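**Student:** In case you want the letters, here they are:
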Amino acid sequence: MTRWLLNGWVALVIVFLVLPLTAVVVASFSSGPPLAFPPPGFTLAWYSEINPDFYPPLRLSLIVAVGATMIATVVGTCAALALQRGALPGKQLLSIFCLSPLMVPTLVIGVIGFRFTLAVWDTFGISTADTVAALIIGHSVFCVPFVVRAALAVQANYDMSLEEAALNLGASPVQAFFRVTLPLLTPGIAAGAIFAFLASFDDVPVALFLGGSDTVTLPVKIFTTIEFSFDASIMAVATLIVAGSVILMLIVDRLIGLEAFLGTGRN
Amino acid sequence: MMSDTPAADHKTRLQDPDLAGAWGWSWFILPIVLFLVLFFLLPVLNLAELSLRPHAGPGAVGEALTLANYMRFVTDPFYLGVLFDTAVIGLVVISICLVLAYPVAYVLARTKSRFRGALIFIIIAPLLISTVVRNLGWFPILGGAGLINWALLSTGLITEPLRLMNNTAGVIIALTHTFLPFMILALVTVIQRIGVELEEAARNLGAGPIETFFRVILPLSRPGLMAGYLIVFTSVISAFTTPAMMGGRRVLVMSTLIEQQMRSVLNYAMGATAAMLLMTMAAVLTVASLRRARKAGI
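In the order they appear, the protein sequences are chains A and B. Sequential numbering from 1 applies to the first sequence in the working numbering. Sequential numbering from 1 applies to the second sequence in the working numbering.
Keep in mind that the hints were calculated from the coordinates and are not lab data. Note that this is a predicted model, so its numbers are computed, not measured. Cβ atoms here follow ideal geometry from the backbone N, Cα and C, with glycine treated the same way. Check before you lean on any hint, since a few could be wrong.
Said to hold, decoys possible - Covered stretches of chain A, going by a simulated chain B footprint (3 or more residues, C-beta under 8 Å):
no. : region
1   : 34 to 42
2   : 115 to 129
3   : 132 to 143
Start from the sequences and build out the full structure, keeping to the hints where you can.
**Tutor:** What follows is the structure, given as structure tokens:
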């Protein structure tokens, strides 16, 4: 009896969790207005009529996410190596500092980025707002800690005797690092990088504050489109994002395991 | 290095200056420090300073340094109301999350079913899909001509469509959806740490499943539960995209208020004050939750 109640509850929660995602997919094939239920019929028309206005934002979102992920991966991995192996004073405080952007709401990161562009304009007369570089740097601020955390976590489990063995067998420290240590740390760092990519691709507030008419990311485009008019092809775009995300997740699940992936992401 | 015993402390060996030069590694901290000081720390200090300046017309602030903005925030019924609404929405969302999540987390923590992996996948999947897309999915469900109103109208339970969007109800539903997976995952870790033996012992001593839950499992999961509770609450009050999209710009919480002050009203001083308050709340709650988590041994 209790078992049935529990299973029923689980089923209910699953329905709740998948409901909006299912709705996006169903609405994208509906031949009627996108917000009406039930759909009067089904069509593929929306996919061939995707508003071309969505393509530049998609391209920009990918560029910004790749850029921010690259900066975050290099800077974050270096930081994690220094924190684990260096002879730094006040390591505890330093690692808190490296992770601190995670404690700050991304909206506030958007606000301070916005103020930063104003200050640069006032001081140097250079306009940095509404540029791709501003978006990449703004996103890097909250992407970096994801990689630091993941790289610290994977290093904590790394067996240093492997590196020592390489050294004893005649490898130089540089060889030992690049040919033994780094390959073993890569899955953890990759998990952090994927997290950073997803966080960048998900972001609205930072892109809203730093972007302008020339730099509209895909989430901002969707966010502002629904405010003014409900472009019917928006559901087709959203469905493609869902499909892309699910494929990425299946790959991550295969490679690292989704639970382990999330574990490294939010320790 | 030869004198190292196999039992030598992992950490001391990592910092062994002979190994790769601990001082050499230390330099690798420079990029992140430079990056975060320039693009994070200094801008935050700038924001703090801005919150101490008086408002002087749209997009301008005065020269004086004053606490007037903070005083105004905690005395003006408008700002206080926004703060109150933010807290209430946060509490409602985490409470619903908790009730929905607990049984699911329990099943996940205890099951040996082969469907566990699939279940975890379904629970985590929404987390990794773009927030705007997830919110968009609620439109055909909660809208005036959406699924819920269609179901209620066609069964004759209501005669007028319910307003479930562009108001607080829509915000709460979508926020619950956004943070439910976090709550489930946090609770799974907590419940897994409670030994099955304890449950079995309670059952052997004659307790029914309900008594076992309320007198054994729930009290034992309380410390970890508080940690999860705090972290989800923090995420809820920090969220911007969902309250803005689902509230249709009509629901003012701290985050939407800040955006409005900075981008439409152009009251930078009050916007900065609200941002400082939100940031401080989020930081304090995060630290509190990490402490609780450590205490609970997670």
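**Student:** Each hint: holds or not?
**Tutor:** Hints versus structure:
1. With 5 residues having a Cβ less than 8 Å from any Cβ of chain B, the region 34 to 42 of chain A passes the three-residue criterion, so the hint holds.
2. Closer than 8 Å: that is the beta-carbon criterion, and the region 115 to 129 of chain A has 3 residues meeting it against chain B, so the requirement of 3 holds.
3. With a threshold of 8 Å between beta carbons, the proposed coverage of the region 132 to 143 of chain A by chain B holds, since 4 of its residues qualify and at least three are required.
Against the hints set out earlier in the document, no violation occurs for any number.
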